[in-house]
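Enquirer: Listed in order, the protein sequences are those of chains A and B. Per this note's numbering, residue -14 is the first one in the first sequence, and the count goes up by one each step. Per this note's numbering, residue 28 is the first one in the second sequence, and the count goes up by one each step.
It is worth saying that the hints were derived from the structure and are not from the lab. It should be emphasised that the depicted structure is a prediction, and the values quoted were computed from it without experimental measurement. Take the hints with a grain of salt, since some may be wrong.
Dumping the calculated EDC-like pairs for lysine to aspartate or glutamate here, alpha-carbon to alpha-carbon at most 20 Å [unchecked claim]:
| # | chain 1 | residue 1 | chain 2 | residue 2 |
| --- | --- | --- | --- | --- |
| 1 | B | K258 | A | E127 |
| 2 | B | K249 | B | E152 |
| 3 | B | K258 | B | D222 |
| 4 | A | K88 | B | E223 |
Now for the letters of each chain:
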Amino acid sequence: MNRMQKSVESTQAILESDAIAVERTLAGDRDAYRVLVERHSHNVFRLAYRMTGNRHDAEEVVQEAFLRGYQKLRQFAARSNFGTWVYRIAANYAIDRMRQRQKEEARREAPRAEDRDGMENDPLNRVPDEAPTPERLTQSMELRKQMEQALAALSDAERTAFVMRHWEGCGIEEIAEVLKSSSNATKNTVFRAVQKLRRALQPFVETGAQARAMGTES
Amino acid sequence: MKHMSEEELIAYREGVAEQQAVISRHLAACEECRGELDRIEAVLAALDTLPVPEPGADYGRRVWREIAPRLAERSGRWWHVWMEPRRLAAAGVIVTLIVAAFVAGRITRPGKTSDNIANQEQVRERVLVVAVGEHLGHSERMLVELSNATPTGPTEKEVNISAEQRRAEDLLQENRLYRQTALQEGDAGLASVLDELERVLLDVAHSPEEVTPAQLEAIQKKIEGRGILFKVRVVNKELQQRQEATKPTQSDSTERERNKV
């Protein structure tokens, strides 16, 4: 039996076992839901962490996604598969959580002078004038910081679209459903996200590549 | 030769371009566009190196432990959960807030509308202030005990913190309720400290029941490093002052009595 066939069969087994667990939960066996929670928690956490950018919020998103999943299980019935479904619930709640977090931070921070004209909010304007020297960059740490900042500077919709498409491999239709948007608008959101990330990170990525090349030459 | 736009290349890279085949043929023949695509790829590849923390092999079990007691409230039999003794206190505060607002409304109804609203708000705030003050007091005591915990002997290999862990679990549930209420009431400062406290409570609640002296020291350092005890004390002090400020004054009640006559 080849690896591909094994993988298809194991996916099939998971789907069937998920369907049985859903059925048993709906029949009143609360512990059957435990199987679903334990099986899908890691995947949902990964999505939630990438969307919210911090562990605390990610853990809250995971818990809330499974609680909402339980509450809405009758609506799920035999639609798609449980993993994808709870994923979508988590993405929706993560958007709510990010918005709530932004409101909290906005209340805490007085508007800074440079923010008033909106220039500072546009990540395209945050690209440094010149690439920092390899010495100044403590390489991966600096790049990592820049990447986190660039991701944080995306709008909620852009970040959701990018995470779901690029990292989680979700289809455009699936992302559009979460964003409550059309397919075309969702494609544009993915495009804008990549474009902004590129503008913000390319100088750092190139500097890193140059430094690595110089390191191997010497 | 007309080159591909950045938008077309990104759409191609993400597999959502309308003319995947056309772009693919163009890339085979155009070095400049291939270079541009490589630069996009390099940024995306760099992003792939961003780590996601590993929540631990028992993460699924921990999530279940957290949500299992809350499933009943989501399935429509919510009152079962609220009958748990540890939830009764928090539930009591919410009920008191509603009743207090209602009573304040009735008592002050004949007066001026703006006074009524101000009184209702005062009563609501007072109830919230008292309840959160108590919650912060309980949290502070638990954190102080945990900060002062030491192994009973030099040979002891593990310290049992299960009592603190269970208290942290209970406090965590209450904390979430109070944080949400504070947010709804527009008290961002209080919500922010409760948010920080929640992170610490979450850490403690998720710790093993038996910890090594080194693990205990790490937990204590986390509590100390975040300065949460100090923040909790400051906010609690502020709440006490607010409690004093929102107490009805003697002259208020005298005036009310005079108006009755």
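Enquirer: Against this structure, judge whether each hint is valid.
Expert: Tested hints:
Of the supplied pair hints, the one linking B:K258 and A:E127 is violated, its CA atoms being roughly 31 Å apart against a limit of 20 Å. Distance restraint check for B:K249 and B:E152: the Cα-Cα separation of roughly 32 Å exceeds the 20 Å cut-off, and the hinted pair is therefore not satisfied. Under the criterion of a C-alpha separation no larger than 20 Å, the hint pairing B:K258 with B:D222 is consistent with the structure, at around 12 Å. The suggested pairing of A:K88 with B:E223 holds, with an alpha-carbon distance near 16 Å, which does not exceed 20 Å.
Of the numbered hints stated above, those contradicted by the structure are hints 1, 2, listed in ascending order.
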